[in-house]
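Between the sequences and the hints, there should be enough to build the whole structure, so can you do that?
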Amino acid sequence: MRDVHIDRLVDIVGERRCLWRPHQVKAYACDGYTAEEGLPRAVVFPETTDEVSRICRYLYENDIPYLPRGAGTGLSGGATPTGGEVVISLARMNKLLAVDFDNLRAVVQPGLVNLTLTRRVAHADCYYAPDPSSQSVCTIGGNFAENAGGSHCLKYGVTTNHVVAAKVVLPDGDVIDVGAPFGDAPGYDLLGLLVGSEGTLGIATEITVRILKKPQALRTALAYFDRVADASDTVTDIIGAGIIPAAIEMMDQLAMQAVDKSNYHVGYPTDIEAVLLIEVDGLAAGVDEVMARVVDICRRHRVREVRVAQSDAERALWWSSRKMAFGAMGRISPDYIVQDGVIPRTRLTEVLQKIDEVSRRYGLRIANVFHAGDGNLHPLILYDSRVPGEAERAVRAGSEVLRACVDAGGSITGEHGVGIEKIGEMTYMFSEDEIDAQRAVKSCFDPKGIVNAGKLIPLPGRCVEVKRAREIIEENWQILNSFPDQASVQVRGAFAQEPGREASTSAQG
Amino acid sequence: MVNEPTAVAEKRSDFRFPDAPEEEKYSVCVHCGFCLEVCPTYQAWGDENHSPRGRVYLIKACAEGELPLDDSVIDPVFTCLDCRACETVCPSGVQVGALVEEARGQVFYARDAEGKRDPIMRFFLRGVFPRPARLRAIRRLMRFYQRSGLRRLARATGMLNVLPAQMREMEDVIPDIGRGPAIDVLPETMAPKGEKKATAALFTGCVMDVFFSDVNEATARVLVRNGVEVRVPKGQLCCGALQVHAGDRDMARVMAKRNIEVFEQSGADYIAINAAGCGAALKEYPELFRDDPAWRDRAVQFSSRVRDISQLLVEVGFDPPKAELPMTVTYHDACHLCHAQKIRYEPRSLLKSVPGLTLREMPDSDRCCGSAGIYNLTHPAMANELLERKMDDVPAGVEAIVMGNPGCMMQIRLGVKRRNQPLRVMHTVEVLDLAYQREGSR
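Which chain is which? The protein sequence lines are B and C, in order.
Take the first sequence: its position 93, counted from the start at 1, is 93 in full-length UniProt numbering, and no numbers get skipped.
Take the second sequence: its position 265, counted from the start at 1, is 265 in full-length UniProt numbering, and no numbers get skipped.
Everything labelled a hint here was simulated from the structure, so no lab data went into it.
Take these hints with a grain of salt, some might be off.
What the hints assert, rightly or not - Straight-line Cα separation of at most 16 angstroms, EDC-like style, residue types lysine to aspartate or glutamate; simulated pairs:
| id | chain 1 | residue 1 | chain 2 | residue 2 |
| --- | --- | --- | --- | --- |
| 1 | B | 214 | B | 125 |
| 2 | C | 25 | B | 384 |
| 3 | C | 234 | C | 184 |
| 4 | B | 442 | B | 172 |
| 5 | B | 261 | C | 87 |
| 6 | C | 257 | C | 297 |
To be verified - Chain C residues, not near chain B, derived (Cβ > 12 angstroms throughout):
| id | residue |
| --- | --- |
| 7 | 118 |
| 8 | 123 |
| 9 | 165 |
| 10 | 176 |
| 11 | 251 |
| 12 | 359 |
| 13 | 398 |
| 14 | 422 |
| 15 | 434 |
Even for Gly, the Cβ is constructed at its ideal location relative to N, Cα and C.
Right, dumping it as structure tokens:
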């Protein structure tokens with residue numbers, strides 16, 4: 001049953017920290033993106049940098065594909081095994097290694113949960129700024145890999161603006177330090193390259209991040225709008241007025257319905273098109289005045305009602321309602337794909353109309369929850385995987401939405417990564433030369449192309465390269481084929497014939 | 001490579017018995033993962049298999065014929081504490097507890113069908129808890145054991161060493177067993193003091209009445225003191241929660257039917273319960289009869305009258321005690337009160353009404369203490385880890401840890417004993433009762 005490779009992994013981490021029986025690894029078939037699944041060959045749970053390094057070295061030397069995984073809350077399939085990879089789970093590397101309150105730095109292991117860092121430094125009035133909706137669960141290592149954002153990134157920036165240094169295990173097991181805890185490290189910006197590389201270039205095992213002092217004061221407002229266009233114009237005008245709010249979030253009626261059915265019930269009016277959640281922070285002396293200006297701008301755009309939170313409990317409920325909105329989709333639909341497109345803020349109304357048009361054309365409901373201030377959209381395409389054909393329709397609808405974002409001058413991802421979900425749209429966004437440059441980087445770090453392969457960067461699309469890639473894969477297929485059951489990938493829906501998908505599925509043989 | 005839709009249809013579910021996990025329950029899960037960080041077993045191991053999302057995924061895979069009902073599903077399903085913390089955070093409202101209980105039912109019946117039943121488990125689930133006479137006998141034996149000197153002898157001779165460590169320790173923290181179970185000691189009807197506000201039929205429970213009959217008596221006194229007529233239906237049985245948790249759903253239904261009948265006859269407005277686990281089970285009786293319309297309706301009727309004692313007192317209105325009870329306490333949220341029944345505010349408001357009493361909150365007061373029915377006997381390592389964390393969280397300077405569930409009371413007594421701390425472990429209603437008793441002695 002158990003092959004020699006599993007024995008070697010067990011030698012490194014011990015029997016209890018290695019899962020390899022096919023039924024035991026089933027729970028690792030996908031992350032938060034459930035439209036595609038595949039079985040890993042094994043799941044290992046290292047606890048130290050040295051263990052990660054030894055695992056990577058062994059796997060790399062033996063041409064065994066692998067990928068890292070944090071909490072598995074990613075939304076683009078970055079941690080989904082597609083070809084029988086070994087999953088390196090960093091969930092047990094969850095320590096806060098050091099905090100330097102005077103210099104506002106913290107050193108964490110990758111498995112530390114984002115919000116846990118904030119909780120552990122809160123006693124000194126500090127916090128960690130990037131706050132993805134899943135912050136109560138997702139790990140800083142996962143945020144590092146995906147360059148995660150969050151509601152407060154409008155003012156404070158995304159993960160890459162908060163990571164200053166890291167210890168990284170390279171694909172072949174070598175351990176390097178990148179970045180600098182203070183100042184700017186000379187040479188190429190390898191840290192900048194690694195943040196957001198989706199686990200394709202290495203695994204960060206110690207991450208040094210900035211922590212911030214909590215703002216002296218903050219005010220949070222909830223504003224109901226009859227028309228999406230009025231809400232969009234409000235967002236544009238607030239920022240145009242020189243105010244940089246800590247966050248401006250928008251939800252549409254369908255999203256409000258889902259979350260209002262959950263434990264995080266706010267009681268939104270059922271006849272409004274959009275709700276804005278606006279937060280301003282800063283010195284106590286100024287926030288009331290800034291909030292008054294925000295309220296005034298809302299009023300100038302026909303807001304139906306605007307309220308400023310009167311208590312921490314009220315503010316917390318409004319935020320929970322926003323942050324739990326994705327998870328609440330189960331209240332109104334068995335499955336969903338969340339897209340992550342970015343557009344210039346000023347084109348919000350127009351792109352939302354386009355999304356609405358896609359929704360009607362595909363006969364699928366689309367809920368919208370997003371970071372309006374950043375122009376970072378999250379259309380949630382609702383479908384039922386049990387209805388034949390719906391999953392494929394949802395994927396195609398998502399693809400159209402992303403292309404509309406690119407056409408509007410935006411991007412196919414703001415904070416969720418490309419993973420397997422958006423790999424087809426990479427060629428829509430970038431020219432062949434631009435993608436070649438990215439492939440060249442990948443091959444420097446991972447000449448064998450076995451570390452989280454098939455994610456982020458599409459494989460060569462030109463005929464001759466596809467042919468050569470197939471040959472290489474077939475030559476190496478023996479390795480994967482030793483575990484036929486586990487190496488099989490299941491794709492919920494017929495992605496194979498789709499041009500963008502072809503590259504990623506062919507990578508699995 | 002592409003999964004054909006027909007391939008799924010051809011696969012056969014390994015849930016072969018009636019009452020299987022329902023599709024509408026697991027299909028609600030969108031795999032977002034918000035449940036991971038509140039799950040005690042995931043926190044301990046970081047293994048997706050032992051997370052709520054993982055368990056639901058495995059149950060779904062098993063239902064769809066992707067996985068057999070083997071250890072890969074059974075271990076995660078039985079390692080679950082059934083603490084329901086995941087249900088509190090789940091934005092989609094996945095009923096993880098019900099799914100896990102239904103999956104355990106499949107395991108229970110599969111083992112029975114294969115002749116692999118666990119005799120000890122079956123003895124307790126079918127031979128003891130559903131039978132009041134045997135429960136009374138056990139209670140009498142234990143009282144005799146405690147009072148006759150046999151206990152000292154057993155300890156002195158090392159006789160107890162034959163027991164597994166966890167049970168040996170448990171023996172040590174069993175409270176002194178009172179003269180008789182409340183179901184026998186209390187009269188069938190107790191008139192309220194002052195103007196009558198309502199009638200409540202007291203659910204005395206099994207473990208509660210064997211080990212903590214004092215709490216039952218205190219409950220009756222507090223209700224009477226607050227203008228509630230108390231009835232004690234003598235024909236009632238154990239609630240069946242242990243059976244549901246273990247997967248013995250048929251036995252649970254037998255017991256539920258008897259209780260529904262008995263409490264219907266009591267004619268009371270409310271059914272008062274002071275054990276969180278039992279309260280949750282009583283409120284979830286309709287779940288047991290989902291395929292039986294006649295009984296489901298009666299179960300719905302029954303469940304709508306069930307109130308935790310703290311909830312009932314707040315609902316009918318209670319008199320704040322007039323005497324001072326100078327005490328500093330902390331409150332532990334029993335999982336089946338806070339997560340399953342969503343009762344957090346009521347017990348605290350009772351405690352805060354006591355003059356002189358200071359309530360000092362403990363961090364993560366709603367994290368499971370590891371008791372979880374008989375989990376501390378079946379999974380001692382995990383239970384001990386959780387108990388250690390719970391004891392670490394007890395704030396300095398408190399004199400008592402207060403809670404509303406007998407399982408937690410036993411477990412936390414064990415924690416107190418291990419740390420040799422001068423701490424009392426009390427039921428919420430006992431604190432209130434103590435305060436009322438002081439009124440008389442003023």
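Item to check | Indices of hints not satisfied (ascending) | outcome: Going through the list in order, the structure violates no hint and respects every one.
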